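Listed here are the chains, written in short residue letters.
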Amino acid sequence: MITREVTIKNSSGLHARPASLWVQAASRFQSKIQIKKADAEVDGKSILGILSLGLTAGSQFELIVDGEDEQEAAKVLEELLASMEKQDV
Amino acid sequence: MCSENMIEKTWQGIGASSGRAVGKVWVLQAFKDEQDKRDPDAFDSARELERLQKAIDLTNTNLSKLEQQVRNEQGEEFAQIFAAHKLLLTDPSFIGEAQNRIKSKNLPAEQALKEVAEEAVKTLRNIPDRYFQERAVDVQDVLQQLLQNLLGPRGTGVAAFPQEGNWIVLADELTPAQTISLPKERVLGFIVRKGGNTSHAAILARTYAIPAVLGVSGSWEELTELKWAELDGDEGWVKPTGEGAVGTQPSGDSPEEETEYLDGAVLQEMVLAANVGNPADAALIQKFKAQGVGLYRTEFLFMGEALPTEEAQLQAYSEVIKACTPHLTVIRTLDIGGDKKAPALELPEEQNPFLGVRALRLCLQKPEIFRRQLRAIWRASAVGPTAVMFPMVATLEELRKAKELLFSAREEIVNEGYSIGEVQVGVMIEIPAAAWNASKISAEVDFFSIGTNDLTQYMLAVDRENHQLADLYQTDHPAVLGMIARVSKAAEQAGIWVGICGEAGGDVLLSPFFAALGIRELSMSPGQLPKVRRSLAKLTFKPEEKSKLVEAVLNCGTAAEVKERLKDFLEGH
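Which chain is which? The protein sequence lines are A and B, in order. Numbering (our numbering) for the first sequence: 426 to 514. Numbering (our numbering) for the second sequence: 14 to 586.
Think of the hints as simulated: they come from the structure by calculation, not from any bench. Keep in mind that a hint or two might mislead.
What the hints assert, rightly or not - In silico SDA-like cross-links for lysine to any residue, where the CA-CA straight-line distance does not exceed 20 angstroms:
hint: 1; chain 1: A; residue 1: K462; chain 2: B; residue 2: N139
hint: 2; chain 1: B; residue 1: K379; chain 2: A; residue 2: V501
hint: 3; chain 1: A; residue 1: K462; chain 2: B; residue 2: L409
hint: 4; chain 1: A; residue 1: K434; chain 2: B; residue 2: A319
hint: 5; chain 1: B; residue 1: K555; chain 2: B; residue 2: F582
hint: 6; chain 1: B; residue 1: K99; chain 2: A; residue 2: Q512
hint: 7; chain 1: B; residue 1: K135; chain 2: A; residue 2: V467
hint: 8; chain 1: A; residue 1: K511; chain 2: B; residue 2: Q146
hint: 9; chain 1: B; residue 1: K379; chain 2: A; residue 2: S436
hint: 10; chain 1: B; residue 1: K453; chain 2: B; residue 2: L409
hint: 11; chain 1: B; residue 1: K354; chain 2: B; residue 2: F582
hint: 12; chain 1: A; residue 1: K434; chain 2: B; residue 2: D142
hint: 13; chain 1: B; residue 1: K197; chain 2: B; residue 2: A319
hint: 14; chain 1: B; residue 1: K379; chain 2: A; residue 2: Q512
hint: 15; chain 1: B; residue 1: K99; chain 2: A; residue 2: S452
hint: 16; chain 1: A; residue 1: K462; chain 2: B; residue 2: K99
hint: 17; chain 1: A; residue 1: K457; chain 2: A; residue 2: K511
hint: 18; chain 1: B; residue 1: K135; chain 2: A; residue 2: T481
Quick caveat: nothing in here was measured; it's all calculated off a predicted structure.
This is chain A alone, in the form it adopts within the complex (with noise of 0.2 angstroms):
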């Protein structure tokens, strides 16, 4: 298992399109994936979970991923949040 500590730092927040790219990358892996954040703690691939947690920018999360592909989707997910930090959309 994989506990990485994350922050937003794309100027609109993980909000409708950064979810779907995140949605669409996370259901690639067979992992267990989820984000924890304060209380709540949500299913990484899904859209409405993610939404639910009102990521807008500045936001810290958890991020736990478990599985045989755990290395994998982390390094995947951690290099999808920079990119959309890089291309600020």
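Given the coordinates of chain A, work out where chain B should sit on it, guided by the hints.
Leaving out everything else, chain B in the frame of chain A:
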């Protein structure tokens, strides 16, 4: 069925798109929530899960079709909305949770979906960020589609449009998405109870040259009794008709038949151009023989969930310019705000959006977005004749600031080694202050284009989206026409050209007045071109007749008198 007196009944509405249509009526049923009347003891969760899966598959197929169609017709930005909807169909917190409730709580599929969706909507609405709050609409939209599809083939909504035959579509309200989803080649006409001349449905109907009457006075109950109907999109009436007759009749000649009229004296002095919203309309430019584009509304590019890149804009603008060449394409810079929303811009709610931060005002506040658009326009200008037009200018300072940004973008582009063409610079005259000040503004631009929709709205203080005030929204009010005359005179004295690009540009009754004023270009929805061209082709002015007509019209006290004068004039010619 129809009672005796109903046969005689005629409903009055707003003629929103030209032409007559007669045929069988298909009613677009708004979705109604029906109570589940099935016996609770007969509940079968396996069957409910199966029903749900069928509805999901059907919805997914529909969304894919819509996504593809919208991608072709409106571009990638719009298509992404439907791609996001598809993700909801596989969402474990939405569909997965609904499936759980069907199993654990013995709920029918409809109720399970509604429960889960309601909770999601509530959660999203409570997030203190508008981006997230607005996603609640997506959940509701997908829920509606699923519920409709659960009803099976006898469902409601656009999906229920008959597979065969040509129909008149009757709707209480028609959204742009619904209009887009209908097979337009089999729609004879539109009868819509709500909405006015400038609603999106009206503009789309005109774009596709489908006759339409909007804002119809009757109650929904009596209208839905219509089985066969006839409508007139010029005079704005709807009436029941006997069975059997089917067809449409454009009020103008078909494009092929009218070439003989193309040489009229008035037409030689005037340019008849098209208003377009996206590159897909380029086909209509040719079909209706438009002499250029007098208004290219660029905002549709910006209404998706992400802002368009410079490259995406370059591609869109180039496509229209190319289709128009050798004629001119007038690109209006971003006109967002007011009735047009752009989620990606995250604009705050305003008390009076039509009087708020819209169009050029917004661009000057967000110079980076403006700069990207201006750069794309300069790069596209290499393809063919191009003009840029700034909307919502109230003061000379705004125009000067906009021009400064325009020319600094030009410098950047040239320095980066791109080739560019000449670009004419104009102002859209739609705020009364700018119209009044036209002689001062004329010294600093190459042309004026009068936006009659907003000019009317601002001069008469009538919200043009408010169909209860449709009678007061008078583009032919003598004060509006007087203002147009003032602008035209200022342009003439300064030696610049002036066009009309609001809906009045396609008004056959007003066109002789515009010709008499010396307006050079009338730009309109492509579907309106044939009738205006035909009407102007028959027109000749004897010496002095132009100034007499202008004087007679401007001496009127009411819009009704103006109409009488212009009708008399047309009948005498």
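Here's how the hints hold up against the structure:
1. Between A:K462 and B:N139, the direct Cα distance comes to roughly 16 angstroms. Compliance with the 20 angstroms bound is thereby established for this hinted pair.
2. With a CA separation close to 33 angstroms, the supplied pair B:K379 and A:V501 exceeds the 20 angstroms bound.
3. Taken as a hint, the A:K462 and B:L409 pair is broken in the structure, with Cα atoms around 51 angstroms apart against an allowance of 20 angstroms.
4. Restraint check for A:K434 and B:A319: satisfied, since their Cα atoms lie roughly 16 angstroms apart, inside the 20 angstroms limit.
5. Restraint check for B:K555 and B:F582: the C-alpha separation of about 12 angstroms stays at or below 20 angstroms, so the hint holds.
6. At roughly 24 angstroms between alpha-carbon atoms, B:K99 and A:Q512 are farther apart than 20 angstroms, so this suggested pair is violated.
7. Of the pairs offered as hints, the one joining B:K135 and A:V467 holds, with about 16 angstroms between alpha carbons and a cut-off of 20 angstroms not exceeded.
8. The hinted pair formed by A:K511 and B:Q146 fails the criterion: a straight-line CA distance of about 25 angstroms is larger than 20 angstroms.
9. Distance check on the hinted pair: B:K379 and A:S436 sit about 15 angstroms apart at the alpha-carbon level, within 20 angstroms; holds.
10. A distance of roughly 8 angstroms separates the Cα atoms of B:K453 and B:L409; the hinted pair therefore holds under the 20 angstroms criterion.
11. Distance check on the hinted pair: B:K354 and B:F582 sit about 42 angstroms apart at the alpha-carbon level, beyond 20 angstroms; violated.
12. Between A:K434 and B:D142, the direct Cα distance comes to roughly 16 angstroms. Compliance with the 20 angstroms bound is thereby established for this hinted pair.
13. Of the pairs offered as hints, the one joining B:K197 and B:A319 is violated, with about 28 angstroms between alpha carbons and a cut-off of 20 angstroms exceeded.
14. For the hint pairing B:K379 with A:Q512, the CA-to-CA distance comes to about 18 angstroms; that is within 20 angstroms, so the pair holds.
15. Our distance criterion of 20 angstroms between C-alpha atoms is met by B:K99 and A:S452, whose separation comes to about 14 angstroms.
16. For the suggested pair A:K462 and B:K99, the alpha carbons sit about 26 angstroms apart, so the restraint of at most 20 angstroms is broken.
17. For a cut-off of 20 angstroms, the pair hint linking A:K457 to A:K511 is broken: about 27 angstroms separates their Cα positions.
18. Taking the CA atoms of B:K135 and A:T481, the gap is near 18 angstroms; set against the 20 angstroms cutoff, the hint holds.
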